[in-house]
Amino acid sequence: MTQTHVLTPNFESFASAVAERLNLDAEKIQPDAFWVRDVGVSSVDIVKVVMLIRQKFGVKVPTTAAGKIKTVQDAFQLLEGAFA
Numbered sequence: 001m002t003q004t005h006v007l008t009p010n011f012e013s014f015a016s017a018v019a020e021r022l023n024l025d026a027e028k029i030q031p032d033a034f035w036v037r038d039v040g041v042s043s044v045d046i047v048k049v050v051m052l053i054r055q056k057f058g059v060k061v062p063t064t065a066a067g068k069i070k071t072v073q074d075a076f077q078l079l080e081g082a083f084a
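Just so you know, we're using the UniProt record's numbering here: the sequence shown kicks off at 1 and counts up by one.
Because the hints were derived from the structure by calculation, they are not lab data. Heads up, a few of these hints could be off.
Derived DEER-like restraints, expressed as beta-carbon distance ranges [claimed, not checked]:
#, residue 1, residue 2, range
1, G67, A33, 28 to 34 Å
2, E27, T64, 26 to 32 Å
3, E27, K60, 25 to 31 Å
4, R37, G58, 25 to 31 Å
5, A65, A19, 26 to 32 Å
6, D38, G58, 24 to 30 Å
7, E80, V47, 26 to 32 Å
Listed below are the simulated SDA-like cross-link pairs for lysine to any residue, each with C-alpha atoms no more than 25 Å apart in a straight line [said to hold, decoys possible]:
#, residue 1, residue 2
8, K48, A65
9, K28, S13
10, K70, V47
11, K56, K68
12, K48, T71
13, K48, E80
14, K68, V44
15, K68, A26
16, K28, E12
17, K56, A66
18, K48, Q30
19, K70, F34
20, K28, Q55
21, K56, G40
Positions of the beta carbon are idealized from the N, C-alpha and C atoms, including for glycine.
Work the whole structure out from these sequences, hints included.
What follows is the structure, encoded as structure tokens:
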């Protein structure tokens, strides 16, 4: 039987995955950056970030959480909280 190991993601792996999914420069993905103002993404892109957290990291996050995500750190905390 194959055993699956889930590693707690760090910020760099999260930022890299987001940058790849949204076709952005990874350096724009900073914890204190606001998604819309600083990173330059739309609310639809924020929903894509929530979907990425679900799919890539296996975390159950309600789609309604997207409305509460203002900064990159907000999104990372959703992910981080699932591994706490």
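(request) Verify the proposed pairing of K28 with E12, using a straight-line Cα cut of 25 Å. (result) 12 Å, holds
(message) Tell me if the straight-line CA distance from K56 to G40 falls inside 25 Å.
(response) Given pair K56, G40 holds - Cα atoms ~22 Å apart, limit 25 Å.
(request) Starting from the range 26 to 32 Å, see whether the pair E27 and T64 falls in it by beta-carbon distance. (result) 30 Å, holds
(request) Sort out whether A66 lies within 25 Å of K56, counting only the CA atoms. (result) At roughly 16 Å apart (the allowed maximum being 25 Å), A66 and K56 satisfy the hint.
(request) Could you say whether the range 25 to 31 Å given as a hint is met by the Cβ separation of R37 and G58? (result) 30 Å, holds
(request) Could you grab the alpha-carbon distance between K70 and V47 and see if it respects the 25 Å cut-off? (result) 12 Å, holds
(request) Given the hint that K28 pairs with S13, test it: the Cα-Cα distance must not exceed 25 Å. (result) 14 Å, holds
(message) Just to be careful, I want the Cα atoms of K68 and A26 compared with a cutoff of 25 Å; is the pair within it?
(response) Given that 25 Å is the threshold and the Cα spacing comes to 22 Å, the pair holds.
(message) For a C-alpha distance cap of 25 Å, please report whether K48 and T71 respect it.
(response) Within the cut-off at roughly 14 Å; holds.
(message) Can you confirm whether the C-alpha distance between K48 and A65 stays at or below 25 Å?
(response) Roughly 12 Å between the alpha carbons, so the hint for K48 and A65 holds.
(message) Just to be careful, I want the Cα atoms of K68 and V44 compared with a cutoff of 25 Å; is the pair within it?
(response) 13 Å, holds
(message) Quick check: does the Cβ-Cβ distance between E80 and V47 fall within 26 to 32 Å?
(response) Once the Cβ atoms are compared, 19 Å apart, the range 26 to 32 Å for V47 and E80 is violated.
Of the hints listed earlier, those the structure fails to meet are numbers 1, 5, 7, in rising order.
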